[in-house]
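**Q** Sequences are here, hints too, so could you generate the full structure?
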Amino acid sequence: MNHRYIPMTETDRDEMLQTIGITSVDELFADIPEEVRFKGEYKIKKAKSESSLIKELAQLAAKNADARSYASFLGAGVYDHYKPIIVDHVISRSEFYTAYTPYQPEISQGELQAIFEFQTMICELTGMDIANSSMYDGGTALAEAGTLASGHTRRKKLLVSETIHPEARDVVQAYAFGQSIEVVTIPHKNGITDVAALNELIDENTAAVLVQYPNFFGQIEDIEKIGEITHDNGGLFVVSSNPLALGVLTPPGKLGADITVGDAQPFGISESFGGPHCGYFAVNKKLMRKVPGRLIGETTDDEGRRGYVLTLQAREQHIRREKATSNICSNQALNALAASVAMTALGKVGTQEIAYQNIVKTRYAKNEFEKAGLNVKFDGAHFNEIVIDCKMPVKEMNAHLFTKGILGGYDLGLTYPELANHTLIAVTEQRTKEEIDALVQEIDALVQEMEALHA
Amino acid sequence: MHKDNQPLIFENTKEGRIGYSLPELDVPEIDLSELLAEGFVREKVAELPEVSELDIMRHYTALSNRNHGIDSGFYPLGSCTMKYNPKINESVARFPGFANIHPLQDESTVQGALEIMYDLQEHLNEITGMDEVTLQPAAGAHGEWTALMMIRAFHEANGDLERTKVLVPDSAHGTNPASATVAGFDTITVKSNENGLVDIEDLRAKVGPDTAALMLTNPNTLGLFEEDILEMAKIVHGVGGKLYYDGANLNAVMSKVRPGDMGFDAVHLNLHKTFTGPHGGGGPGSGPVGVKKELIPYLPKPVLIKKDNTLTFEYDRPQSIGRVKPFYGNFGIYLRAYTYIRSMGPDGLKAVTEYAVLNANYMMRRLEPYFDLPYSQHCKHEFVLSGRRQKKLGVRTLDMAKRLLDFGYHPPTIYFPLNVEEGMMIEPTETESKETLDDFIEAMIQITKEVEENPEVVQNAPHTTVISRLDETKAARQPVLRYIKK
Chain R
1 MNHRYIPMTE TDRDEMLQTI GITSVDELFA DIPEEVRFKG EYKIKKAKSE SSLIKELAQL
61 AAKNADARSY ASFLGAGVYD HYKPIIVDHV ISRSEFYTAY TPYQPEISQG ELQAIFEFQT
121 MICELTGMDI ANSSMYDGGT ALAEAGTLAS GHTRRKKLLV SETIHPEARD VVQAYAFGQS
181 IEVVTIPHKN GITDVAALNE LIDENTAAVL VQYPNFFGQI EDIEKIGEIT HDNGGLFVVS
241 SNPLALGVLT PPGKLGADIT VGDAQPFGIS ESFGGPHCGY FAVNKKLMRK VPGRLIGETT
301 DDEGRRGYVL TLQAREQHIR REKATSNICS NQALNALAAS VAMTALGKVG TQEIAYQNIV
361 KTRYAKNEFE KAGLNVKFDG AHFNEIVIDC KMPVKEMNAH LFTKGILGGY DLGLTYPELA
421 NHTLIAVTEQ RTKEEIDALV QEIDALVQEM EALHA
Chain H
1 MHKDNQPLIF ENTKEGRIGY SLPELDVPEI DLSELLAEGF VREKVAELPE VSELDIMRHY
61 TALSNRNHGI DSGFYPLGSC TMKYNPKINE SVARFPGFAN IHPLQDESTV QGALEIMYDL
121 QEHLNEITGM DEVTLQPAAG AHGEWTALMM IRAFHEANGD LERTKVLVPD SAHGTNPASA
181 TVAGFDTITV KSNENGLVDI EDLRAKVGPD TAALMLTNPN TLGLFEEDIL EMAKIVHGVG
241 GKLYYDGANL NAVMSKVRPG DMGFDAVHLN LHKTFTGPHG GGGPGSGPVG VKKELIPYLP
301 KPVLIKKDNT LTFEYDRPQS IGRVKPFYGN FGIYLRAYTY IRSMGPDGLK AVTEYAVLNA
361 NYMMRRLEPY FDLPYSQHCK HEFVLSGRRQ KKLGVRTLDM AKRLLDFGYH PPTIYFPLNV
421 EEGMMIEPTE TESKETLDDF IEAMIQITKE VEENPEVVQN APHTTVISRL DETKAARQPV
481 LRYIKK
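Each protein sequence line maps, in turn, to chains R and H. Be aware that the first sequence starts at 1, since it is given in our numbering, and climbs by one per residue. Be aware that the second sequence starts at 1, since it is given in our numbering, and climbs by one per residue.
Heads up, a few of these hints could be off.
DSSO-like mimics (lysine-lysine), calculated; alpha carbons at most 30 Å apart, straight line [said to hold, decoys possible]:
{"no.": "1", "chain 1": "H", "residue 1": "K87", "chain 2": "H", "residue 2": "K191"}
{"no.": "2", "chain 1": "H", "residue 1": "K87", "chain 2": "R", "residue 2": "K48"}
{"no.": "3", "chain 1": "R", "residue 1": "K254", "chain 2": "H", "residue 2": "K191"}
Just the calculated beta-carbon pair ranges, DEER-fashion [said to hold, decoys possible]:
{"no.": "4", "chain 1": "R", "residue 1": "I85", "chain 2": "H", "residue 2": "T473", "range": "22 to 32 Å"}
{"no.": "5", "chain 1": "R", "residue 1": "E27", "chain 2": "H", "residue 2": "S91", "range": "32 to 42 Å"}
{"no.": "6", "chain 1": "R", "residue 1": "S69", "chain 2": "H", "residue 2": "I441", "range": "46 to 56 Å"}
{"no.": "7", "chain 1": "R", "residue 1": "L414", "chain 2": "H", "residue 2": "I441", "range": "51 to 61 Å"}
{"no.": "8", "chain 1": "H", "residue 1": "T473", "chain 2": "R", "residue 2": "E34", "range": "44 to 54 Å"}
{"no.": "9", "chain 1": "H", "residue 1": "P455", "chain 2": "R", "residue 2": "A30", "range": "19 to 29 Å"}
{"no.": "10", "chain 1": "R", "residue 1": "I85", "chain 2": "H", "residue 2": "A62", "range": "17 to 27 Å"}
{"no.": "11", "chain 1": "R", "residue 1": "E27", "chain 2": "H", "residue 2": "P209", "range": "40 to 50 Å"}
{"no.": "12", "chain 1": "R", "residue 1": "Q18", "chain 2": "H", "residue 2": "T473", "range": "40 to 50 Å"}
{"no.": "13", "chain 1": "R", "residue 1": "E15", "chain 2": "H", "residue 2": "P209", "range": "47 to 57 Å"}
If you're looking for bench data, these hints aren't it; they were derived computationally from the structure. Ideal Cβ positions, reconstructed from N, Cα and C, are used throughout, including at glycine.
**A** Below you can see the structure in the form of structure tokens.
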């Protein structure tokens, strides 16, 4: 057959067979036991031409409601943020996206340097000493922080705040189970980690305390205190943090974090139905040799020119095999590049401005909800999310909002039974005043309609 | 600073320059001090670059020019399947209906995405011969660990608590033993025999009532098909263990043999390898796992099911190992793989494997006179040469790899697998032309001549790259892992 991705001609094939000294390609597969050899072709869909496949897939894409056609107030860990146009132009350079892990530094300086810059930017935002070259996502990065802490402290219990993203907590649980680590949830009180409960739960078996900053409800917790309690008990303090919020928030590194993790998706990475995004993993100096995944380091060549290499590889699976600090091999390099470009474009001033816009727009939304008489749950400081009591099933409300061109918030009742009928609304800098006003108005109208019905 | 240094973006920054265009702020401004309590606002701003948009584009263009990808030239990196990355994949992944959808949207608003996931699962079931597939794992190693956790849950559900050992051949990828550790198992190494295949007697001696699973790559990392696979399956299943297939080398056997038919109970695929992910400079990948019926209850949740002709996620899976990743895996990557599979069709995938294997055998036979070839039977998609002969002349495989850079090639994987001295693992893939293979072969032959006649030119290579060999010891002894403003 002829296919545009396969350049060999029949003449080529015949010459090659002759060189090998065989008469048919089948001879190369003769070592596969006859009784299990697959006969014929897979029963899968026939090949499509480029144009008809594009048409089919475009039709499937059109069946999905996207954040360009709807005003999205859905966040909960994945956000519709400003993505500088330049990001796609950089990551579409195929010298980047068609390369693999930079094992040969002489011809991979571009990738290596770009990721060295990524490591630097993550350190700057988080206030940590060292950042790795990326993890799969924020959830697995948090899970690996937990297992690192357990290995480092030789303790077998993790205290995980209930204000951490529920799906990230599930991932922590799955990883912990593999290592026989116990996971205990610290309940939330008024939308933040219950410090009294933490004091009860923490003990000499506690490897780490894990919190999220800003937390899943959008609240900005006083994590410094939690860090102190953790350290007083000899545990490591792990903070999961939205790096975009750190444009204005005091970085976890200044608040006692030993490990800071999170997802760089807010910086230039498409929502893409939940992946691929880009986990980051940052630590203080003493944990440098425990970090999972790849690290890029600076060095020189024999002429004194600066260059970059994969370094401290004795931690990694291809060297240490079963004794490695993690099994991670492929990471999210291209998305780390995307995040670097976005962080560069926003830069020193833009990262502050974008974070400020999120806070102030969310505050505007909060005020408008309150003006309309709706109950905004939890009264602490918030970043770009707030919890609204909508007094009716969120699924129903969202179905209605959808008809008005709005993607409603996350249904908190799905993961917090006590918050049934509460929606988590995210307001990024992308949402206009008109869109926020429309959201408040629609929710208010629905609630009033429902109350009238029950009056 | 050396005059040839490529500046870091931080070294090109100038106060007052910007590279962004944020939406206009259309709500009333409020002073930050009124929004956040004292202590919450950072005192020292993050030192990020201050550059214009053109500065950014020039910077990254310069960096890209210092990087070799498949589009730059031949990339025969063994075990990584560096095949052409079709451009249609990139276009499709950027459709707004795929790129800009949120994972927590109501299912009724993302049926197009779910249809693709479901159809891809069906395709992968057929390709692997398995009963059910999860798309959740983010990469190959993540898939390995996911499958091992399922195997562990299966044994534990059977009250089989003593199965603490995972067997791994000495030629296995490093991720195999590492994944076993992360899943809470001890690793037992199984030796290879003189033909480069698993030593059946050693396997027989090492299995027992404590065997949880055998992890196997087939063909193995030497590019050799484990022809005793049925006997191995019998041995492992005979003691109650499970058989795990590392799908890193699936490009070698598509339409020729399916893991499910060989007796494997679980398999992971590297969609960024066999199914043109792309590789992205190290990721993101996608590592779906396929399993046989017995393991289905343990799949990570949620599981995508069809109910009354509507696709929906099922969360009520009491025996599930839980979640291995937030949301549903690397959608953007497996969407590309799906596009590729649909571009190839059944006859295309068959041709992929046939040419991948033909190309590797052709190269192997043409290079055989010039290098030691430890295992000389027909190979599959890759083969491993040894640089022993050249080492005796004072030139190491590393030197030859560096010399290949001067010819514009990415070198093969070197010093792997560990059971070949001075190994060079070459995987041409099916997307390369005969002319490319011939040119590379000629370069390799020329290098062997240089080793004999002018070894210094090889020992001191590369000579044409933007940088010469870097001091890796210095990098590790005095780690500099970030830029610090001088």
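**Q** Please check whether Q18/R and T473/H have a Cβ separation lying inside 40 to 50 Å.
**A** Roughly 48 Å apart at Cβ, these two residues keep to the hinted range, so it holds.
**Q** Tell me if the straight-line CA distance from K254/R to K191/H falls inside 30 Å.
**A** Status violated; Cα separation ~50 Å.
**Q** Starting from the hint 17 to 27 Å, judge whether the C-beta atoms of I85/R and A62/H obey it.
**A** With Cβ atoms ~20 Å apart, the hint holds.
**Q** Mind checking the hinted window 19 to 29 Å against the Cβ distance between P455/H and A30/R?
**A** violated (40 Å)
**Q** Taking the CB of L414/R and the CB of I441/H, does the distance hold inside 51 to 61 Å?
**A** Once the Cβ atoms are compared, 59 Å apart, the range 51 to 61 Å for I441/H and L414/R holds.
**Q** Could you check the hint for me, namely that E27/R and S91/H are 32 to 42 Å apart, CB to CB?
**A** Between E27/R and S91/H, where Cβ atoms are some 39 Å apart, the hint holds.
**Q** Run the distance test for K87/H versus K191/H: straight-line Cα separation, threshold 30 Å.
**A** violated (42 Å)
**Q** Could one say that the CB atoms of E27/R and P209/H fall in the range 40 to 50 Å?
**A** About 41 Å separates the Cβ atoms of E27/R and P209/H, which means 40 to 50 Å holds.
**Q** Holds or violated: 44 to 54 Å for the Cβ distance of T473/H and E34/R?
**A** Given range 44 to 54 Å: holds, Cβ gap about 53 Å.
**Q** The hint says 46 to 56 Å between S69/R and I441/H; measuring C-beta to C-beta, is that right?
**A** holds (53 Å)
**Q** Verify the CB-CB distance for E15/R and P209/H against the hinted window 47 to 57 Å.
**A** holds (54 Å)
**Q** Does K48/R lie within 30 Å of K87/H when you go C-alpha to C-alpha?
**A** Given pair K87/H, K48/R holds - Cα atoms ~15 Å apart, limit 30 Å.
Hint check: violations occur at hints 1, 3, 4 and 9; the rest are consistent with the structure.
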